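Colleague: Each chain, letter by letter, is given below.
There are 2 protein chains.
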Amino acid sequence: MKSKIILTPGPVRVPTFVIEAISKPVIHHRSPEFEFFFKELQEGLRYFFQTSHTVISLSGTGTHGVEYAMRSLFRKNEKVLIPSFGKFSERWVEYGKSSGLNVTEIQKPYGSRVNVKEILDVLDRNPGITGMVLTHCETSTGATLDLEEIVSEVKRKYKNVLIMVDAITTLGIIPFYSDAWGADSVIAASQKSLLNPAGTVFVSVGPAAASRLSETRMQDAFDLSCYYFAAMQNAYPYTPPTQLLYGIKAALDCFQEKKLPFFWNRTHSLARFFREGISAAGGKIFPDPAGDSLTAFLFSGKDLKEIYTKLKDELSIEIAEGQGELKGKILRVAHFGDIGMEETKLCLGGISEIIQN
Amino acid sequence: MKSKIILTPGPVRVPTFVIEAISKPVIHHRSPEFEFFFKELQEGLRYFFQTSHTVISLSGTGTHGVEYAMRSLFRKNEKVLIPSFGKFSERWVEYGKSSGLNVTEIQKPYGSRVNVKEILDVLDRNPGITGMVLTHCETSTGATLDLEEIVSEVKRKYKNVLIMVDAITTLGIIPFYSDAWGADSVIAASQKSLLNPAGTVFVSVGPAAASRLSETRMQDAFDLSCYYFAAMQNAYPYTPPTQLLYGIKAALDCFQEKKLPFFWNRTHSLARFFREGISAAGGKIFPDPAGDSLTAFLFSGKDLKEIYTKLKDELSIEIAEGQGELKGKILRVAHFGDIGMEETKLCLGGISEIIQN
Numbered sequence: 001m002k003s004k005i006i007l008t009p010g011p012v013r014v015p016t017f018v019i020e021a022i023s024k025p026v027i028h029h030r031s032p033e034f035e036f037f038f039k040e041l042q043e044g045l046r047y048f049f050q051t052s053h054t055v056i057s058l059s060g061t062g063t064h065g066v067e068y069a070m071r072s073l074f075r076k077n078e079k080v081l082i083p084s085f086g087k088f089s090e091r092w093v094e095y096g097k098s099s100g101l102n103v104t105e106i107q108k109p110y111g112s113r114v115n116v117k118e119i120l121d122v123l124d125r126n127p128g129i130t131g132m133v134l135t136h137c138e139t140s141t142g143a144t145l146d147l148e149e150i151v152s153e154v155k156r157k158y159k160n161v162l163i164m165v166d167a168i169t170t171l172g173i174i175p176f177y178s179d180a181w182g183a184d185s186v187i188a189a190s191q192k193s194l195l196n197p198a199g200t201v202f203v204s205v206g207p208a209a210a211s212r213l214s215e216t217r218m219q220d221a222f223d224l225s226c227y228y229f230a231a232m233q234n235a236y237p238y239t240p241p242t243q244l245l246y247g248i249k250a251a252l253d254c255f256q257e258k259k260l261p262f263f264w265n266r267t268h269s270l271a272r273f274f275r276e277g278i279s280a281a282g283g284k285i286f287p288d289p290a291g292d293s294l295t296a297f298l299f300s301g302k303d304l305k306e307i308y309t310k311l312k313d314e315l316s317i318e319i320a321e322g323q324g325e326l327k328g329k330i331l332r333v334a335h336f337g338d339i340g341m342e343e344t345k346l347c348l349g350g351i352s353e354i355i356q357n
Numbered sequence: 001m002k003s004k005i006i007l008t009p010g011p012v013r014v015p016t017f018v019i020e021a022i023s024k025p026v027i028h029h030r031s032p033e034f035e036f037f038f039k040e041l042q043e044g045l046r047y048f049f050q051t052s053h054t055v056i057s058l059s060g061t062g063t064h065g066v067e068y069a070m071r072s073l074f075r076k077n078e079k080v081l082i083p084s085f086g087k088f089s090e091r092w093v094e095y096g097k098s099s100g101l102n103v104t105e106i107q108k109p110y111g112s113r114v115n116v117k118e119i120l121d122v123l124d125r126n127p128g129i130t131g132m133v134l135t136h137c138e139t140s141t142g143a144t145l146d147l148e149e150i151v152s153e154v155k156r157k158y159k160n161v162l163i164m165v166d167a168i169t170t171l172g173i174i175p176f177y178s179d180a181w182g183a184d185s186v187i188a189a190s191q192k193s194l195l196n197p198a199g200t201v202f203v204s205v206g207p208a209a210a211s212r213l214s215e216t217r218m219q220d221a222f223d224l225s226c227y228y229f230a231a232m233q234n235a236y237p238y239t240p241p242t243q244l245l246y247g248i249k250a251a252l253d254c255f256q257e258k259k260l261p262f263f264w265n266r267t268h269s270l271a272r273f274f275r276e277g278i279s280a281a282g283g284k285i286f287p288d289p290a291g292d293s294l295t296a297f298l299f300s301g302k303d304l305k306e307i308y309t310k311l312k313d314e315l316s317i318e319i320a321e322g323q324g325e326l327k328g329k330i331l332r333v334a335h336f337g338d339i340g341m342e343e344t345k346l347c348l349g350g351i352s353e354i355i356q357n
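Line by line, the protein sequences are chains S and G.
Anchor point for the first sequence: position 244 equals 244 in the working numbering, and the numbering is continuous, going up by one each time.
Anchor point for the second sequence: position 196 equals 196 in the working numbering, and the numbering is continuous, going up by one each time.
I should point out that these hints are in silico values taken from the structure, not numbers from a laboratory.
These numbers come from a predicted model, not from an experiment.
Backbone N, C-alpha and C define an ideal beta-carbon position, used for all residues, glycine too.
Any given hint could be a false lead.
Stretch by stretch, here's where chain S covers chain G in the computed footprint (C-beta under 8 Å, at least three residues) [what the hints assert, rightly or not]:
1. 19–27
2. 187–200
3. 218–225
4. 326–338
Result set (DSSO-like, lysine-lysine): computed pairs, CA atoms no more than 27 Å apart in a straight line [claimed, not checked]:
5. K4/S to K24/G
6. K97/G to K157/G
7. K39/S to K310/G
Isolated chain S (complex conformation):
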């Protein structure tokens, strides 16, 4: 079967070297071989997250990772600030409310984003807030926070606010420094820059986050505690998804070899090239300014569904449509995954041609 070109913002195409890693013979998880492998995996994850602390490997998708972190690191009724500006950040607000957190929301329209001043204003007016969930890049719109500024400023003024970052569509894609910026817990998923099948997710736990875990919650497979204390011994509390983690390790090796800036630069080049092309073809970038992870765009007066369908059916190029309230109003193209300039050019060429007909 001819492989399609996948330019959706995840799940991305899984390259052969990852599949080969997943196919390696299984090892038992109570063995020195596993311990050795798991130690190396954790080192690779630390590089990927740019942290010297622990990164926990879990089964699940991005949403599970964020919910693992929220339910493990926040306490019932804790006052938590969650800015929402798209489908995923809205999801964290809803989960926070339904799971018994005292959520303060900064609600912004789809396509816009929250800035450091708005966040500090809310913190100044609500001294009881001790937690925050930030969506670095809203996959539903491409809007991307100025995370370095927000995290550094908040930590400078409010050291005790625990900062959790959904970096699902930014880690390995655009510059990200967990420790240097001061993020306490960061979440990344397998099916984005890590080039793996959906099904594993990773949560970093810095010292302030670790102090909120507890050995009394070790029986709960949906609490980070058991994974954290086991990881200290390079062990896993349950049957780990070892073969899937082989695939992750292969991708991490690639990040360690080529170094993160290689990927960050590639994303930026692809985003710039694609946006110039869309603008030249009469399209509009949405939002503006957008982060580099993906481009959301539209062509006024054109049937976006037709562009989407023709790309898919006639050219075997898969991009994404809008989500939530933007369904039918934008298209989205990712600048990460197992793709490069060739795929991006083919996509842009296809769009330009469809637009002109």
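Add chain G to chain S, keeping to what the hints say.
Modeller: Leaving out everything else, chain G in the frame of chain S:
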């Protein structure tokens, strides 16, 4: 690398046809293609579980599946009966207690099992019990409940007791009929008879179980509700582990083609052959009677660790040691997975030789 012979009771060796399925090009999960695939997957799961109701696909291992079911289907303080007779059933007792259920435990020594009379006695004396968690086969000892008798008798006398079954080491391995026996929710994991990498788990939801799910809990990714209501539309509430589910579908196709009794009979033949051989070599089967899924055994006066290590290092045959309080006291060999008479004979021959030296 030469593939080892894996005779541990999971994770099992993943055969090539499963890896090939996992390697198929990714499809987006909001598409008619996914809907079609997911519908077929669910049909395959229904056959595998022998149920006409819904089977939910989740990321995680067996423990996550059982905890998903327990936290979604039981209410806080609900009186739940959990017989314990090994490491895994003990885990469900501990999780039940720590998660706020009112647990009544029937505690039996490792290697023994609970029978229908003991269960009915407890139910007769505690009319408030409305839930039960049964571990069909204790992977830590091989002890296997007479599930048909227990479930049928309990349902005949106590229709309102919701029966949950950990069938992680029995579905696809020994005879199991969810609907005919009356089990309300049954759990199976990918890395046992389904021949897949660890990381996905499946929970069936019969009508009585479904009536305990709620649309008000749709925000919780660790509650079965959102998956259940989405599955009714052949959809998935989050990014599904699509490629891993391709692997599961390939295994299910194999079960549908060869039919379940083929696998049940194979397990029985392998277990009988292996046990006769162990007895002939002077070994003792533990417990007696054991279920067919795996054999736990020992050789009085012999160093079991040495048998385990020599099999692994000299013959590349991997079996399992004891778990929990049986660590160092038994060895365990599985009669399921990507194995047959050849591997079982090689293992038995290896053990006999090591014993004689």
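Colleague: Failing hints, ascending?
Modeller: Structure breaks hint 4 only.
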